[in-house]
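The whole structure should be built from the sequences, with the hints applied where relevant.
Order-wise, the sequence lines are chains A and B. If you're matching positions, the first sequence starts at 557 in the working numbering and goes up one per residue. If you're matching positions, the second sequence starts at 44 in the working numbering and goes up one per residue.
Calculated directly from the structure, the hints in this document are not laboratory data. These numbers were taken from a predicted model, which means no experiment stands behind them. C-beta atoms are modelled at their ideal positions from N, C-alpha and C, and glycine is treated no differently. Some hints here could point you the wrong way.
[To be verified] With the Cβ distance kept under 8 angstroms, some of the chain A side facing chain B (calculated, not the full set): (1) L569; (2) N576; (3) G593; (4) Y595; (5) Y652; (6) A656; (7) N817; (8) A933; (9) A952; (10) T1090; (11) R1092; (12) Q1093; (13) P1107; (14) E1110; (15) N1121; (16) G1123.
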Amino acid sequence: MTSSLVSCYELDLYPHDKVNTGVFWKNEAHVKQGVMGVYDVMKKKSTSGPECGPYGQYFMLDALSDIAISNPFNGLVGGTTTDRTGEFKNKWRNMYDGIAKANHALQNIPKAEIKEETKNQYIAEVKFLRALYYFHLLDFYGGVPIYDESWVLSESFDKMMLPRSSAEEVRKFILDDLNVAETNLPYSWDKANYGRATKAAAVALRGKVNLFAQNWAEAKKDFEKIVENKATYKCDLNDDYAELFKPDTDENPEMIFFISNSGGVGDVNDGLSMAFYHGNGSTFGGGWASSTLDPDFVDKYEMKDGTKFDWNNYIPGWNTMTPDERLNVLSATTDGKNVIVAYPKMKDKIIAAYADRDPRLNQTCITPYSFHLGWYANQPKLVEHVIMFAKGPSAANGYMGYGSDQKWYFYRKFVPEANCNGQITDRTNTPINFPLIRYADVLLMLAECHNELGDVDNAVKYINMVRTRKSTNMPALNSGNSWLEARTKEAVRERIVHERGVEFAGEGLRFSDLRRWRLAEKYCTGIKKTIHGTKRQTALFTERDYLWPIPGEETEMNPALLPNNPGW
Amino acid sequence: MGATLVLTSVGMTQNALAASDSNLFRRNENKSGSITITQQENTTVKGVVVDQSGIPVIGANVVMKGSNSNGTITDIDGKFSLNVPKGAILKISYIGYIEMEVPVGNKADLSITLKEDSQALSEVVVVGYGTQKKVNLSGAVATMDVGKLAESRPINNLSTALAGMAAGVKVSASKHAPGDDGASIQVRGQGTLNSSSPLVIIDGVEGALSSVAPNDVANISVLKDAASASIYGSRAANGVILITTKKGKEGKVKMSYNGYFSMESPSKMIKPVKDYANYMELVNEGYKNSSMGLPFKKESIDLWRAHPNEPLLYPNTDGFDVLFGNNVLAQQHTLSASGGSDKISYYSSFTYLNNPGVVENTDYKRYSLRSNIDAKISNWLSIGTNLSGYYGSRNVNANSLSDVFNYARQTTPGMVHRHPDGRYGVPQNPGDEGNNVLSRLNNKEGENLTRDIRTRFYATLNPIKGLSFTGSYTYNYNDEEEWIKPKFLSTWNFLEDVMVSDGVGRTNISNETQRTTRNFMDGIARYENKFFDDKFDLNVMLGASQEQWEERNTKASKYDLLDPALDVLDGAIGDASASGFRRGWAMRSYFGRINLGWDNKYMLELNLRSDGSSRFVPNNRWGYFPSASAAWRLDQENFMKEIDWLSSLKVRGSYGSLGNNYVGNYDAISVYEKANYILGNGVNMGLSQGAIANTSLTWESTYVANIGIDFGFLNNRLTGTLDAFNKRTSNILIALPSPAVHGEATVPKINSAEVVNKGIEITLGWQDTAGDFSYYVNGNITYIKNEVTKFKGGDRSYDGDRFIQEGYPINVLYLRPTDGIVQDQNDLKKVQKMLDAETALAAAENRAPRKVYSAGTPGLGDILFVDANGDGIVNYDDRQVYGDGQNAPLTFGMDAGVSWKGFDFSVLLQGMAGTKTIYSGAEYRPTVRVGFMVNQEMANGRWHEGLLGADGTITNPAKFPRLNYETEKKNTDASEFWLVSQNYLRVKNLQLGYTLPKKWMDVVNIEKLRVYVSLENYFTITNYPGIDPESGWGYPAMKQASLGVNLTF
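As structure tokens, then:
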């Protein structure tokens, strides 16, 4: 510093850790870095809790539906939200953040000195992502204002006061983007680029956008395109359902588009928080079990032969028992130190009640008296989900638990086993890819198109593809037994509602499905309970909840957004 | 200036005050009646000069009246001898004391007691780049004598010492944790929407108030108006606080010791429900009200009721008692030495501070050194250095402080935080949850060390009389180093005698260093002279300076220590991560000032500063900040001299401009930041626009107009100052409200808003003596009206329940109005009436009824929101403005003291009035949740069914709503219901001291010994329900009972 004593201090200073925009968007490396920034928005997660606002916590959305329960969502589920509720604002802002970044990329990619073909490919990628973000907005808010690449943020960030476009206009904008994307995206990427948008992703998303608008014929075209050319599109159903949600087998032809994750150390922030919010007390880093499966939903998983499950067949009188009586049946007896001295008399029956079921149940859920490979004292530790009267099960004793109440159905899906062979170092960065569109989703959506268009047989054909996946191996519909019959549009519709539930539990699709089917008032209302039947939450979904409100802060700033959605 | 009263003889800045001017003492002026000295027989008069405490006054001038050549000064014992004619009159003067005339008479031995001149009109005030006689000041400058405060109050941080001391200076003690304490200071209100902290200049260079040991401070000036502050240009918009540290003076070596021991305890704390059985019932009640299953069983409640006196098995714990469990004796000791010869003088000190903190493992220790040396090399050259530094050590577990404050709220009475045998506990009741405050305070090992060094070298050339050149260079280096590793603790359930977790975890070590450097240099030329029979004063100053600041940070952490005892990165072998940053700014400035004076009656001052900052691009880099001020000393006019009761009177006025560059270091440059994405399994670098740049950023400008009067009546026993000002800040840098559709990128600051603060400051003081008895009272009061005068047209910027808009004070409260609580059936009818009205209207208009209550229809025990706009529905459109914004319009302070013989007693009061806020912190809500505290006041005042009589009406209305589950927000969201007043009046300090008589001290060769007891923050009058109206949630203000000693020898 002695030089400072005699010299003039420099007044032109630049940041040491950021790239000056003036030198950016020149070559392909720049373009790729800029486009990665548009992908990155999908990972945005809340740092304050398991809210469902940001895109990166898509999996929490199931707690708004019949699939799961999340006590932090009491307000959101209980019908006491207002247009000021934080989640509404967060999702709005996050989706538009993705759109703003996509627009910025679309303004700048054409300036780069790279091959036209490469340029078009990047533009297609960005348009796919912009479509994805707009579709999420359309799904939750209905018609929204459309900001395209003509909006330069540095000039107009405080002048973005457009009124809402109609849902049709937004949909057209999305479809236009996806048409460009389909044309210029590749069928697949090399290993180093695995995870970028493909043709299949664009086509499947376009089908889904049409499906949500009940443009059945249009949607069917796209889904068929993929299913009939699955080799070309490089996608297929995976034989093993469970493999899809594990870190080493999640790179899989079934994943048509997904949020690509890896674990991280320190400041590296490259996974989603499934371990944290789906995980239990024995999960790596300690999960909060912020979302657990709803017992009523768990009961909907069929028996292996396709018949309906009934507790009374395993525990006589269960259906009429009080919660305390049920707890008596389910609970192990412990000594003063919470060590089990006796398992419940009916333990075998309890285990059978879950084991005799659609295998997806145990692949999705850690059921009582089943095991989970947790992490304890820096070692893998196999822990048992034990029901006790008291709390206090601990991994030290070999039991799995979460804080106050272990009488819940914990998620297995997306929950890391042990430390994922060293791939996870932090519960908020789970190294498991998170699917947004799976091949199974395409099959079931295709089934739905056929059904709505009156072709029940074809609908059943595609449902059965999912039901008869090798590891699932459920009896096909219309394969003989009376309880498998589904010959009418209504019956098949019911089957699709069921099948999508059990197939995609924990993947965040349900809330949107129930709303587009107009079934949410029925499915998202009622008392949510623990396994033995004490109340955890009251859910109330009314007409207004089919669309979220434009956030109050936003309408206050831009009254042109009014009127708000009906009922808000 | 309320504090310039009692000048202790120790440590006054004699250099600064050297320019005594006896003609200022009007009461002694009698120039017309000069005494003719006849040749008479001479005699040698001996005498001793002491102050009111009997302490010898060293270096007092003793002059024979009428003959300035015949005089002497008192020696170190205060003694003098002088050969004078019989019948002569001696004039005895000393700076800071009232000059006395003593006839020699026939006495050969005189004992003269000088009285302190608390108004010290000869006082010299430190101003920007110089000093000025207070009487000649034309700007608004407050001075504070912190010497006495620092010596006899348990003050760890200088900023807290300023509270209540000066009009227009609002001090809010906001942080209280050991090593992280300090107050936020506002000079003349919040003039900007950005940081409104004043610029702090320590011995000429910007620095932090907390870096100065309070005992080292000689004096403090606060530059309040543009005229006095504009010499600091672009950073002076929020006022300037000038700190001058002590210097040595010619004379005997003087040692001094000041120290105290202080007992600390929280001044106020929240009371949670601590009876666990009651707690469980209340939690159950809240769950029931929210239609949820009950978390606690009747058996558990009965069990706890049945075992009231077994605290280890069936505990009833108050989490805050646990949190503040440390018995604390804080201490500070300062040892200083000063002295000098006619060539060299020095002041040197050492201070040790140890504050263990009322929360365990939050202790802070600090060792400070200072050495100030001035040397006169020759008649034309003098040089000097200021050298100071400190070493601070903070317990790393203090990093958990904000966590444990949350933990104390998020815990249950049903747990033992730590067993007497040292084991840590968990909630003992099955089904309960709760955080352990003490294990959180013990789960880290490490060190947090701060080392700070500040060196300044300066030299002054005096080539000819009146002309001087001063140059200085300052280097400041601050290094904060921290290493931490987790300590894994096992936890137990003592009721079941079972270990719940066994203290094993993945080891890691993290290490962080942050180094801050500052280089500053300046060169100043000064010229002063008198012309026209010394009637015309001319004073010119020209200068230039440059400054450079930089901060560098590196942080690394690594998993898997080879052995848990190791404590460096190389001791670990697992995954590692690293991060770091570097940022800085630089500034170059040119400045000048001209002071003109005529006959000590008329003064004019002109200032100009020009600043160039690295924060702006070259086109917008330079800002120019001029100011002018003038004063008229009416008391110097002949027509005023005859007024007996008038001692002094001055009017003054000023106008000028100041700047503010409160933007990020690189906000004017457009950049991308990292936004990586995973492809395959590899990290791919991604970049995104994290912030939108504004290349047209430039300075905020503040214009201040000020008029003031300084006066003294009745021989300056009553003195006062009155100022009125209008402070207008334009081009305020602000991130304007932007719709969320722009995404997450940070919106740039734009020079757009304008804020006006209009205010009045009054300072009044009275001081007198009667025999051995002397006393003083000083008060100051400030009224400020704050208004945003320009802000993006009619747009509002909302921040939670406040907004900024043209025509309103900054951040005014905007709330839904309420009409109390739905207490009973009668109130329910009001609700039903609203619903019926809508049903009827909907039927009439042939439409579906709207949802009348947007947040849910209130039931019994809920807050009743009001349809203020009369549109038939109760929602956010009903919100109304409350209060006067976030800044109190009225602030005041008062200090008073009496002394009698060796005893002294003083009191310091401070307060503010006129501001309201929303208080609904997590510790003060009518909600429950397993694992969270229940506030006792809420529990007592809550609405519950038991309050209803048989007829469904209520006789004793509830104070608070019914209990609900935590996430049910309808009764806890900000509304008029939770509006509280932040007014308070606080007795900051009460003090009783005793100075031991001189005659005893002489025996042991001690100059002065004073012992005192002091009470800090003991009494506060307020309606504010939270822990402290001054600071928010967190480490509370401390009550301190101290015993201290001041010793000089």
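Does the nearest C-beta of chain B fall within a distance shorter than 8 angstroms of the C-beta of A:T1090? Hint holds; A:T1090 Cβ to chain B Cβ min 4 angstroms, cut 8 angstroms.
Interface hint outcome for A:L569 [beta carbon to chain B under 8 angstroms]: Cβ of A:L569 sits 4 angstroms from chain B, so the hint holds.
Using 8 angstroms as the Cβ threshold, decide whether A:A952 counts as touching chain B. Result: holds, 5 angstroms to nearest chain B Cβ.
Under 8 angstroms is the threshold here; is the Cβ of A:A656 close enough to any Cβ of chain B for the hint to stand? Constraint on A:A656 satisfied, holds at 4 angstroms.
Double-check A:N576 for me: the hint is only fine if its C-beta lies closer than 8 angstroms to a C-beta in chain B. Interface hint status for A:N576: holds (6 angstroms vs cutoff 8 angstroms).
Chain B contact restraint for A:N1121 - C-beta distance below 8 angstroms: Given a least distance of 12 angstroms, the restraint on A:N1121 is violated.
Hint status (Cβ of A:Q1093 to nearest Cβ of chain B, threshold 8 angstroms): Holds, because the Cβ-Cβ distance from A:Q1093 to chain B comes to roughly 7 angstroms (cut-off 8 angstroms).
Please check whether A:G1123 passes as an interface residue: C-beta within 8 angstroms of a C-beta belonging to chain B. holds (7 angstroms)
Would the hint on A:Y652 stand, with a C-beta cut-off of 8 angstroms toward chain B? Holds, about 4 angstroms.
Restraint check, 8 angstroms cut-off on beta carbons, for A:A933 near chain B: holds (4 angstroms)
Let's test the interface hint: is any C-beta of chain B closer than 8 angstroms to that of A:Y595? Constraint on A:Y595 satisfied, holds at 4 angstroms.
Return the status of the interface hint for A:R1092: holds when the least beta-carbon distance to chain B is below 8 angstroms, violated otherwise. Interface hint status for A:R1092: holds (6 angstroms vs cutoff 8 angstroms).
In this structure, the one hint that does not hold is number 15.
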